[in-house]
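*Asks:* These are the residues of each chain, in order.
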Amino acid sequence: MRLSPDDIIFWQVGFFKLNATLLFTWGLMAFLTIGSILVTRNLSHHEQRSRWQNLLEIIVTGIAKQIAEVGLPQPRVYLGFLGTLFLFIATANLFTIFPYYEPPTGSLSTTVALSLCVFIAIPLFGIADQGVRDYLKTYLEPTALMLPFNIIGEVSRTLALAVRLFGNMMSGAMIIAILLTITPFVFPLVMSMLGLLTGMVQAYIFTILATVYIAAAVRTHHEDIVD
Amino acid sequence: MLIDWFTVVAQIANFLILVWLLKRFLYQPILQAIDAREKRIATQIAEAQQTATAAAQQQAEFQRKNAEFDQQRAALFAEANATAQAERQTLLTTARTEADALREKFQQSLQNEQRVLQQAILQRTQQQIFDLTRKTLTDLADTSLEQQMIKVFIRRLGELSDDERAQLQIGSPSVRSAFALTSAQQTDITAALQNLAVGANLFARPSFITDPNCISGIELNVDGHKLAWSVASYLNDLEQSVAGELK
Chain A
38 MRLSPDDIIF
48 WQVGFFKLNA
58 TLLFTWGLMA
68 FLTIGSILVT
78 RNLSHHEQRS
88 RWQNLLEIIV
98 TGIAKQIAEV
108 GLPQPRVYLG
118 FLGTLFLFIA
128 TANLFTIFPY
138 YEPPTGSLST
148 TVALSLCVFI
158 AIPLFGIADQ
168 GVRDYLKTYL
178 EPTALMLPFN
188 IIGEVSRTLA
198 LAVRLFGNMM
208 SGAMIIAILL
218 TITPFVFPLV
228 MSMLGLLTGM
238 VQAYIFTILA
248 TVYIAAAVRT
258 HHEDIVD
Chain B
9 MLIDWFTVVA
19 QIANFLILVW
29 LLKRFLYQPI
39 LQAIDAREKR
49 IATQIAEAQQ
59 TATAAAQQQA
69 EFQRKNAEFD
79 QQRAALFAEA
89 NATAQAERQT
99 LLTTARTEAD
109 ALREKFQQSL
119 QNEQRVLQQA
129 ILQRTQQQIF
139 DLTRKTLTDL
149 ADTSLEQQMI
159 KVFIRRLGEL
169 SDDERAQLQI
179 GSPSVRSAFA
189 LTSAQQTDIT
199 AALQNLAVGA
209 NLFARPSFIT
219 DPNCISGIEL
229 NVDGHKLAWS
239 VASYLNDLEQ
249 SVAGELK
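Those protein sequences? They're chains A and B, same order as listed.
Position 130, counted from 1, in the first sequence is what the working numbering calls 167; the numbers after and before it change by one each time, with no gaps.
Position 183, counted from 1, in the second sequence is what the working numbering calls 191; the numbers after and before it change by one each time, with no gaps.
These are computed hints drawn from the structure, not numbers from a lab.
Here the structure is a predicted model, which means the values were calculated and not measured.
Be aware that a few hints might be false.
No farther apart than 30 angstroms at their CA atoms in a straight line, the calculated lysine-lysine pairs in the DSSO-like style are these [said to hold, decoys possible]:
hint : chain 1 : residue 1 : chain 2 : residue 2
1    : B       : Lys143    : B       : Lys159
2    : A       : Lys102    : B       : Lys159
3    : A       : Lys102    : B       : Lys234
4    : B       : Lys234    : B       : Lys159
5    : B       : Lys234    : B       : Lys143
6    : B       : Lys234    : A       : Lys54
7    : B       : Lys31     : B       : Lys47
The shape of chain A in the complex, shown without the other chains (with noise of 0.2 angstroms):
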């Protein structure tokens, strides 16, 4: 049984290969940047602007507004970083409504590779905000003794938040799969819907936590600053 996108392989030279979760996310990427470029090359500057331009502007200040709400004083600075991994994982959920259609976020190799990118940016945004040895200071807080405990706490939460990702798409995907074979036409259709939800409730779930870790590896520097 196919648990992942990247099990279907297109072409392959030893070491690297195009599977579907590339091919996909290439498509997933070309649609975003298009789409983007065609909305914001006629952009408006005054109140008349066009409904595209409307959607986008509610999408960039709405996650701006999220990233400030959970305690980043600053939206703009991790709106890029943030923001995508939104876009990207919402994107990638959205489009299981076409057929033939494989999440790249159903790949256990997408969400770690995600999950990679929220792992090292979380101590890059640390330093850049407090300097790296005021950063590394946190890891012994409350006292040296947690610094291991500090480190796995790491490691873990990005494993955790690769594998949940991964868990609820491949979930979503292997349930459909398998309702289709068993009762066709509307059960699938329902739980269809449901796993729209649940990859857009996990692409926001995705972001905040993201989003919590950076402003918790941010926000010390700051409690400390206004201790």
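Here the structure of chain A is known, so what remains is to put chain B in place on it, guided by the hints.
*Replies:* Frame of chain A; chain B shown alone:
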């Protein structure tokens, strides 16, 4: 194996490329557009506030000017009113004065007319009485009448008070009569005058003058003091009585 490490690396690269692409083509343009719009709106609000402030200032200015104008208008009204009142008073006074003058003039003219009428009536009455008297006297004229006249005159001389006598005593007397007195009559009159004398002083001998205008009478003049008996004296009484009736 669920994790394909080549795919992981490729997906990390893909994700980073997507981050750059979306930053370049989505976030930056959209945020710039929003910023520009917000800036423009802020500018417009600031301008609107400036305009509102200016409008408020202008309104205050206008209100001040209006109040000033109202005050000036009220002052001008009051002044005009006062002037009009004064003018009215002056005109009324003038009119009253003129009316009074006219009334007085009218009354004067009325009185004049009355006087003229009285005069005319008097003259006519006198004239008629004179005519009548003249006719009667002419008819009755004889020695006894003259004699009677002189008798009356002498009797009246005797009725004078001491003061009147003293006044008549100073100066030169003259006796005027409508007809020529005989020497006997002149002597009687002279004697009567001497009888009037008070104390040692005597009357100078009177001069006798005949004057036809002294109608049917005789009069004694001593330096302006006059004692007379004539028809004219009765006519004077009549004149007084007629004048009283006219009033």
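*Asks:* So, for every hint listed, does it hold in this structure?
*Replies:* Hints and how they fare:
no.: 1; hint: B:Lys143 <-> B:Lys159; result: 22 angstroms, holds
no.: 2; hint: A:Lys102 <-> B:Lys159; result: 156 angstroms, violated
no.: 3; hint: A:Lys102 <-> B:Lys234; result: 143 angstroms, violated
no.: 4; hint: B:Lys234 <-> B:Lys159; result: 18 angstroms, holds
no.: 5; hint: B:Lys234 <-> B:Lys143; result: 27 angstroms, holds
no.: 6; hint: B:Lys234 <-> A:Lys54; result: 179 angstroms, violated
no.: 7; hint: B:Lys31 <-> B:Lys47; result: 22 angstroms, holds
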